[in-house]
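Q: Those sequence lines, one after another, are chains B and V.
In terms of the numbering used here, the first sequence opens at residue 1 and continues consecutively.
In terms of the numbering used here, the second sequence opens at residue 1 and continues consecutively.
Accuracy of the hints is not assured; some may be wrong.
[Claimed, not checked] Cut-off 30 angstroms, straight-line C-alpha distance, at most; resulting in silico cross-link-like pairs (DSSO-like, lysine-lysine):
1) 331(V) / 202(B)
2) 364(V) / 202(B)
3) 237(V) / 81(B)
4) 64(B) / 81(B)
5) 237(V) / 101(B)
6) 81(B) / 11(B)
7) 330(V) / 180(B)
8) 210(B) / 330(V)
9) 101(B) / 21(B)
10) 68(B) / 2(B)
Don't read these hints as lab results, they were simulated from the structure.
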Amino acid sequence: MKILIVEDEPKVGKALTEGLKANGDEVTLAQTGEDGFFLASSHSFDLIVLDVMLPGRSGIEVLKTLRKQGLQVPVLLLTAKDSIEDRVLGLDAGADDYLVKPFAFPELRARLRALLRRGKTETIVSLKLGTLEMDLTTRLVTRDARPIELTVREFELLEFLLRNKGRVVSREMLARDVWKESNRATPLDNVIDVHIARLRRKVDDEFERKLVRTVRGVGFMLSEDER
Amino acid sequence: MARFRTTLRTRLTLLYISLLCVVLVLYAASTSIFVWQGLLRQMDLSLDRDLETVENLIALMPDGSIVVNTGDQEGVLLLEVWSASGTLIYQSADLKGQLLGAPVKKEDPTHPANRSLRLANKMQVRVMTRPHRLGNQSVVVRLGVSENALRVEFGQLVAALTLGLPIALLLAGVTGYFVALRALRPLDSMARRAKQINAEHLNERLVLENPDDELGHLGTAFNETLARLEHSFEQLKQFTADASHELRTPLTAMRSVGEVALQNGGDTQYHHDVIGSMLEEVNRLTHLVDNLMILARADSGRIPLQRGEVGLLELATESAVLLEVLAEEKKQSVQIEGDESLTVIGDRLILRQALVAIIHNAVKYSPPQGSIRVRVGTRNGDALVEIHDSGPGIAREHHAKVFERFYRVDKARTRGEGGSGLGLSIADWGVRAHGGQIELECYEHSGCTFRIRLPQNGSSGPSS
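Using the sequences and the hints, build the whole thing.
A: As structure tokens, this is what we get:
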């Protein structure tokens with residue numbers, strides 16, 4: 001997948017580029033709004049990650065001009081300002097999603113995947129990892145064919161982890177996508193930790209192979225590999 | 001000069017002089033008119049007497065002609081005698097053929113009785129006209145007297161008034177200017193002193209000569225403003241110090257963890273741990289900055305309330321359910337009760353944030369197996385949400401400070417369990433923004449009650 005990153009802060013730009021390259025994507029980095037605009041209009045990309053605060057030409061202006069020229073590429077805005085007006089401004093300018101700095105890298109990746117998936121209807125009815133199976137229609141969860149009783153919240157949590165299996169999921173992502181909490185200031189970290197602990201008890205305790213993994217400082221991951 | 005003209009005391013003096021000028025001119029004019037009329041009246045009285053005297057001097061000759069026996073009388077005699085039918089019968093020699101006004105009319109011979117007129121020789125006279133019986137004949141007698149003496153007297157009066165007016169104005173102006181100067185002098189000294197007060201000397205106050213006069217009121221108001229400013233400034237200083245401390249702690253942790261790891265080398269597992277530990281600190285900083293941003297925006301009134309009808313019991317239940325697992329982990333019981341139909345008009349998200357913060361606080365400070373009670377109700381027209389915990393209670397002297405930023409009753413209980421120290425500040429702001437307040441009530445060894453009081457009519461708060 002070809003991704004254009006427009007970001008003036010060199011460290012952030014480099015980290016994003018390397019992170020996405022490690023993921024197997026083809027990444028181009030532009031450090032000014034002008035460069036970004038030129039690249040976006042002369043090459044074809046699958047996705048654009050656009051910083052709002054850029055020297056010279058702001059991300060919003062670049063985006064507006066691109067959209068005016070009829071460019072349809074999905075655009076994810078990076079903004080340091082977390083206020084409703086800024087979000088509305090960005091989305092009005094034609095952004096498909098936005099992410100407030102500082103953000104967790106796994107969340108950026110998840111958002112980008114979601115943008116690419118957009119419009120494609122999903123027909124997944126069951127999720128699976130090793131011997132752990134989840135039937136989305138009957139809402140039945142089994143491991144080694146033994147049924148596991150889960151609360152609604154635990155089911156949603158496991159579903160989210162399964163959909164992102166093999167990838168780290170941050171607490172912010174869980175708060176937003178599982179708890180549907182739009183307010184970043186709501187103290188959910190402890191709540192999430194307790195739920196993960198309970199899920200782990202039900203899913204992993206009786207089995208030798210542990211699936212729910214804590215990635216220190218980042219979040220959680222569902223994976224069969226020991227590391 | 002232009003600057004001089006704009007000073008308050010000059011303006012006051014000018015205003016004062018103008019007003020005085022108008023008043024004096026009106027006074028002089030009315031006095032003059034009054035005096036003039038008085039003089040005329042006097043003159044008419046004496047004219048009346050003169051006429052009576054003259055009447056006695058008039059004699060009718062048998063041939064129908066008239067003789068006036070002036071005898072040895074001095075001065076000028078201006079006399080006419082008219083017949084009732086309007087013919088001039090007699091005219092004194094001093095008149096030199098001039099008439100004392102228009103000829104007497106037959107229909108209304110005595111009109112006007114008194115009048116002033118100017119003769120052809122420029123002499124200003126007062127004339128009185130009266131019917132008189134001379135034997136069996138009716139005549140009309142007209143007597144004139146010079147007004148010169150009266151006019152001179154009146155002229156002197158007007159001159160005195162005209163000359164006195166500017167002198168009076170000048171005196172009043174000078175006096176007024178100095179009175180204003182004196183009255184406003186405290187203002188000058190207040191202004192000078194106020195200029196010297198800056199951020200470093202906010203504890204200084206204006207010296208008030210008389211706190212009870214208008215300037216004293218101004219000075220008192222200014223001093224009160226200064227006191228509030230000083231208080232806010234102190235809070236800001238305290239806040240800045242606290243914030244830098246809170247920011248510095250995770251930074252220090254990250255720095256030392258990183259430095260030690262670089263020094264030690266170590267395997268991949270170790271490096272993963274180190275990076276993870278640093279990221280934990282980053283998360284802590286992120287939360288802190290997020291909360292600080294909310295407070296900064298709230299302080300500058302840039303968070304508009306999205307008002308709607310909010311069911312308080314439902315909101316309290318939702319907030320408690322969100323945190324239920326934390327209470328379960330500590331085997332605490334959470335009870336929620338109250339009026340299901342109670343609603344307020346407000347911003348659901350902001351009120352929820354306040355409730356979550358307070359319930360979170362209750363879970364945190366209640367012991368294992370403790371109980372937390374949430375009650376929704378009304379009192380004196382206000383909607384109430386009471387959150388009662390079974391914690392150790394908070395000493396009275398800490399009550400007001402609980403909502404201050406970064407304030408922790410137990411200083412040792414920082415971070416980790418303690419949270420960012422901003423939750424209750426944000427809750428307090430949120431409730432205030434709705435025109436309500438949070439009250440705190442504590443009982444010896446039986447916990448505290450945080451009482452959120454919200455006006456039910458949804459009256460607007462300070463930052464809407």
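Q: Hint check: residue 101(B) vs residue 21(B), CA-CA at most 30 angstroms. Holds or violated?
A: The hint holds at about 21 angstroms.
Q: Is it true that the CA of residue 64(B) sits at most 30 angstroms from the CA of residue 81(B)?
A: It holds: about 19 angstroms lies between the C-alpha atoms, which stays within 30 angstroms.
Q: CA of residue 364(V) to CA of residue 202(B), is that 30 angstroms or under?
A: 26 angstroms, holds
Q: Can you confirm whether the C-alpha distance between residue 210(B) and residue 330(V) stays at or below 30 angstroms?
A: With a Cα-Cα distance of about 26 angstroms, the restraint between residue 210(B) and residue 330(V) holds, given a limit of 30 angstroms.
Q: Does the alpha-carbon distance linking residue 237(V) and residue 101(B) stay inside the 30 angstroms limit?
A: 27 angstroms, holds
Q: Check whether the Cα positions of residue 330(V) and residue 180(B) lie no farther apart than 30 angstroms.
A: 25 angstroms, holds
Q: Are the Cα atoms of residue 237(V) and residue 81(B) separated by 30 angstroms or less?
A: 25 angstroms, holds
Q: Is the straight-line distance between the alpha-carbon of residue 81(B) and that of residue 11(B) 30 angstroms or less?
A: Distance of about 19 angstroms is within 30 angstroms: holds.
Q: If you draw a straight line from the CA of residue 68(B) to the CA of residue 2(B), is it 30 angstroms or shorter?
A: 22 angstroms, holds
Q: Keeping to a limit of 30 angstroms between CA atoms, is the pair of residue 331(V) and residue 202(B) held or broken?
A: 19 angstroms, holds
When the structure is compared with the earlier hints, no violation turns up for any of them.
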